[in-house]
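Student: Given next are the chains, with one letter for each unit.
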Amino acid sequence: MPELLAALSPQDWQAILLTLKLCLYTTLILLLLGTPLAWWLSLSHSKLRTAVQAIVALPLVLPPTVLGFYLLLLLGPHGVVGGALEQLGLNHLAFSFSGILIGSVIYSLPFTVQPLLESFRRMGPRPLEVAATLGAGKLDQLFSVVLPLCRGGFIIAATLTFAHTLGEFGVILMLGGSIPGETQVLSVLIYDHTEAMNYAQAQQLSLGLVISAFAVLFIVYGLNRRFEREAAL
Amino acid sequence: MNNVISLFHRTARQGKPTLAAGQRAVPPAPAAPSVPAAPESAGLTLALTIQRGDFSLQINNTLPLQGVTALFGRSGCGKTTLLRAIAGLDRHAGATVQCGAAIWQQGSHFVPVHQRRIGMVFQESSLLPHLTVAQNLLYGFNRLAKHTPIQLQPEQVMQLLELTPLLQQAPEQLSGGQRQRVALGRALLSQPQLLLLDEPLASLDQQSRSEILPFLQRIASQTGIPMLLVSHQLDDVVKLADNLVLMQHGGIHSQGPLQQQLLQPELAAIGAMSLLHAKSSGSKHHLLQLSIGQQQLQLPAPLHADTASYSPTSYRLRIQARDVALSLTPLNDSSVSNQLQVSISGINPAPHPAETLVQLTLEGQPLQALLTKQSVERLELQIGQQVYAQIKAVALD
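Quick mapping for you: the protein sequence lines, in order, are chains A and B.
Residue numbers for the first sequence follow our numbering, so the first one is 1 and each next one is one higher.
Residue numbers for the second sequence follow our numbering, so the first one is 1 and each next one is one higher.
So that you can see chain A by itself, here it is in the shape it has in the complex:
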C-alpha cells in the first residue's frame, strides 16, 4: 500500500483533491436544491409535476455528451449565460471549475431527488400535520420531524450523489476539458494517462476508484437495509 501511494505523482494528487472537492460541493449544493424540489414533488398534484419529474430524470437517459454539449453552448463565451458574464466583465464558465460544478449538479440531480422523494413519500403527510397542530411552523417541522424521520433518505441521497459525481466523465470532458487543478478530475486524468500509454498510472487510479466506489455502494446498500428495517417497525 505505501508503495502504491508513493508512486502517485503530484498531478495525481491534484486530481484526487479536485475530484473530492467537486464531489463535496456537488453533494452540498444538491442537498440544498434537491430537498425543496423533492418535497414539492412529493406533495404536488399539478400537471407540472410530471414534467418536472421527467426533466429531473433526463440525465439518467441522455448521453453525458449531449448534456455537456448544451452546457458548453450555454456557459461558453458565446452562450446566454457565459456571454452575459463576459459582458459584466467576468469570465465565462466553460473550462472552469465553476462550469463543471454546474454540470455535475445537473448530472447528479436524479441521484439526490429520487431517494429523498422516496423517503418523503414513505413518511407521508401525517407526522407533519401532527406537528402543525402542536404549534410547529414549516421550518420547525423540517428540523424536528422531516430530518429525523427521513434521515435514511438524506444519507442515501448524499452518498449516491457523491459516488455518482466521482464517476462523472463525459460532461466534464465536454465542458471542462482537462486543465490540471481546474477541471482535470480523476476520470479525466485516467483517460489522459491511457491516451499517453501510461498504463501503470491509469491502473493505480482506476483500481483506487473501483475500491472506493465499491466501499461507498456497500455502505449505501447496508444503510438502505437498516432504514428499511427501521421503517418496518
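Just so you know, these hints were derived from the structure itself, not from any lab.
Nothing false has been slipped in among the hints.
The list that follows gives simulated cross-link-like pairs (lysine to any residue, SDA-like), each with its CA atoms no further than 20 Å apart:
hint: 1; chain 1: B; residue 1: 146; chain 2: A; residue 2: 140
hint: 2; chain 1: A; residue 1: 138; chain 2: B; residue 2: 114
hint: 3; chain 1: A; residue 1: 138; chain 2: A; residue 2: 44
hint: 4; chain 1: A; residue 1: 138; chain 2: A; residue 2: 148
hint: 5; chain 1: B; residue 1: 279; chain 2: B; residue 2: 260
hint: 6; chain 1: A; residue 1: 138; chain 2: B; residue 2: 143
hint: 7; chain 1: A; residue 1: 138; chain 2: B; residue 2: 84
hint: 8; chain 1: B; residue 1: 284; chain 2: B; residue 2: 338
hint: 9; chain 1: A; residue 1: 138; chain 2: B; residue 2: 110
Remember, it's a predicted structure, so these values are computed and weren't measured experimentally.
Chain A is fixed; fit chain B onto it per the hints.
Tutor: What follows is chain B alone, placed relative to chain A:
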C-alpha cells in the same frame, strides 16, 4: 346489560369546570390586525361549501363551544372533512371558521394550523416515532407562545391519563390504547382552546376502547376544554357527548343537546335510547339513591375505586328503549324495582314493522320505550295518558 360501565361524576360537566375554574376567560387568540374585530361569539361559527365529484358538503352553522359536541353521521358524510377545515389542515376557498372571538379563516385571511390553539387527536396512532413518550407529550408544550396561559401542567396531564409509567418508552412499544392516551395528553398539553377528536377510538379493539373511554370522560369533566368528537359509533357518542350534531346528506341535519337529539328518528333507527339526568343522594346498602324530579330510583352502586373518595352528585343514565316496559297501574308483584310515573307524549312507528316507539315525559325529561304494536293496542295507549314505566336496565355515567 352492562349495568355499570364506568362511573364518573358529572358535577363538573354541568357546573363549573374544576381544573380551569376561574381561568376560562381565555384571552382571544391574536387575530391579524388587518381583520376587523369580530363580534363576540361563544360558538364555533362555520361556513363552508365543498363540491368534489360525488362528494359535497355545505355547512353554515354555529356549533357550541362547551362540553363535548359529537359530530355524528355515516362514514363519508363529511365529518372528518369538516374537522380538518376547522383545524386548518385543509384550506377551502371561501370558507369561514371563527372560534369564539378568534377568526381563523375568512376571505383571504387564514391562520395557519400551527397558530390555531387547537389540540387534535387523529384516528390512528400519530405519535412521532422518533421521539419517546415524554418527548411526544412535551412537543406542543415546548412550542407554546410565551403569553399562552398554562391551564394544564405536564404533571397534571400525566396523572390524569396515567402516563407516568410510560414516559421513557418508544411509541412502538405501546399498545393501541396507550398510544391514543399519549396522543390525547400531547394534545391537552398544547393548551388548546378547542380539542378536536377524529374518531379517536375507531382504530382500537373493544378492550382498548373501554380502557380509553373513561379517560375521555375524565378530560371532559375535569379540564373544561370544549371538545368536538367525530364518531360514527352511537355508543361512544352517548357515553361522552353533551351535544350532538347529526350530519347527513352533505350537511348538518340537526344539532342540539344529546338528550333531545336522541329523539330524532334518524338516531332512533340506529338504536332508540334515552338519556336521563339524575341527582344522587348517596348510596344505602350498596344501592345508589337517585332522584329525577320528585321520583326515586335505586341502582346497584358502582364498585369503582373512585367512588370511595368522592360521591358524585349527578349522573347520566342511559336507557335503551328496549329496556323500558309500560303498565297502566303500578306493578307490585314484579322484580323490576325501578318504576316511574310518566306521561305519553308521542306514539311513533319504529324501524321494525311489528314495533312502536312510545315517547314519554318523565319530570320534563324525555324517555323512549320500544313496545310491540300489539301491546300498544292492547293497553289502548293514548297521547297524554299517565302510565308507569318499568326500567329493566340502566347504564350509568
